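*Asks:* Sequence:
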Amino acid sequence: MSAPLSKELREKHNVRSIPIRKDDEVLIVRGSNKGREGRITSVYRLKYIVHIERVTRDKSSGQSVPIGVHPSKVVITKLKVDKDRENILERISQGREAAKKKREA
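The numbering of the sequence shown is UniProt numbering, which starts it at 1 and goes up by one.
The set of hints was computed from the structure by calculation and includes no laboratory data.
A hint or two may mislead.
[Said to hold, decoys possible] Here are the simulated SDA-like cross-link-like pairs (lysine to any residue), alpha carbons at most 20 Å apart as the crow flies: (1) Lys-73 - Glu-37; (2) Lys-83 - Leu-9; (3) Lys-101 - Val-15; (4) Lys-73 - Arg-36.
Fair warning: this is a prediction, and the values are worked out from it, not measured in the lab.
Given the sequences, and given the hints that come with them, work out the whole structure.
*Replies:* And the structure:
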């Protein structure tokens, strides 16, 4: 379940998209919630949706429930980076560099 990175992160890491993870900060770019920002609270892999902090609707009983958003409809604005994720970013970046050199040759 990957989501595209923002232009700033794309320039910094030389990676277009990365699997989305809890605690990443995202911006919704499509749909009725377009423009809203928040932190990922859960990743629902079975339904292929993510739940975002403060993106909720109220049920008729008054209870607030999160709205599911497809990962392709968000842009990651801030990554939660740990050692494993740093390795993933480095590996993808090296592959992109190698492909770019191969095309130029």
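*Asks:* For each hint, tell me whether it holds in the structure or not.
*Replies:* The hints, checked one at a time:
1. A C-alpha spacing of about 12 Å is found between Lys-73 and Glu-37, which places the hinted pair at or below 20 Å, so the restraint holds.
2. For the proposed pair Lys-83 and Leu-9, the alpha carbon gap of about 17 Å is at most 20 Å, so the pair holds.
3. Distance restraint check for Lys-101 and Val-15: the Cα-Cα separation of roughly 16 Å lies within the 20 Å cut-off, and the hinted pair is therefore satisfied.
4. Restraint check: the Cα-Cα separation between Lys-73 and Arg-36 comes to about 12 Å, which is no more than 20 Å; the hinted pair holds.
Taken one by one, the earlier hints all hold for this structure without exception.
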